[in-house]
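Novice: As they're listed, the protein sequences go chains X and W. Letter by letter, the first sequence follows residues 1 to 116 of our numbering. Letter by letter, the second sequence follows residues 1 to 114 of our numbering.
Read the hints as simulated data drawn from the structure, not as lab findings. Owing to the predicted nature of the structure, the values given are computational and were not obtained by experimental measurement. Even for Gly, the Cβ is constructed at its ideal location relative to N, Cα and C. A hint or two may mislead.
Said to hold, decoys possible - Below, a list of computed lysine-lysine pairs in the DSSO-like style, where the Cα atoms sit at most 27 Å apart: (1) X:Lys41 with W:Lys49; (2) W:Lys61 with X:Lys64; (3) W:Lys61 with W:Lys49.
Unchecked claim - Covered by chain X, per the in silico footprint, the following chain W stretches (three or more residues, Cβ under 8 Å): (4) 11 to 20; (5) 69 to 78.
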Amino acid sequence: GAVVSQHPSWVICKSGTSVKIECRSLDFQATTMFWYRQFPKQSLMLMATSNEGSKATYEQGVEKDKFLINHASLTLSTLTVTSAHPEDSSFYICSASSGGQGYGYTFGSGTRLTVV
Amino acid sequence: AQSVTQPDIHITVSEGASLELRCNYSYGATPYLFWYVQSPGQGLQLLLKYFSGDTLVQGIKGFEAEFKRSQSSFNLRKPSVHWSDAAEYFCAVGRNSGNTPLVFGKGTRLSVIA
């Protein structure tokens, strides 16, 4: 079945530094990638949608200059948290879709970011 | 507006007992419905999905769900719960293409007791 590999699984960084999270679709072409943020014991909050080769579309309230999303190929999307602060600490999950009828959304295993 | 309601925040069932998790949706078009399961610190795993056809959908791990258009519901069921089923369950609804994001419910946490 479709697999999305997300790395790293967890990361600790110092306040003010940047962190990059990668999502790769291993056996299908991900025409669209979605990035979510999840707070403890809460549902997924959509941050942005990105289509391969296009600029990402950010949800209202999400700072596009802080959360940089790149979807340069059909198998790779990255989320970079720039100048991270403790309030950016969260669980980040990507989801990839190949689109079309009978499509499915495949989720990565998530990245636990802790900013100290 | 699109929305998904999971009325039960937390459910506790005994191992071996039956389970039903409720999901109601509000959607302006033909809904494409999903159930996902999430273990602590993990991503989401697809249990089953409904696009069209038979309204009773079979999924993995012995789960099934029934789409009832008249009730705008897509409840998840399992006849006999195992301790390993303890997790968070999310219902989601989407459009008939993969380039729009899913709308998620707030989730139901399932606890299983001996």
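Novice: Hint by hint, where does the structure go against what was stated? Just the numbers, ascending.
Specialist: 2, 4 and 5
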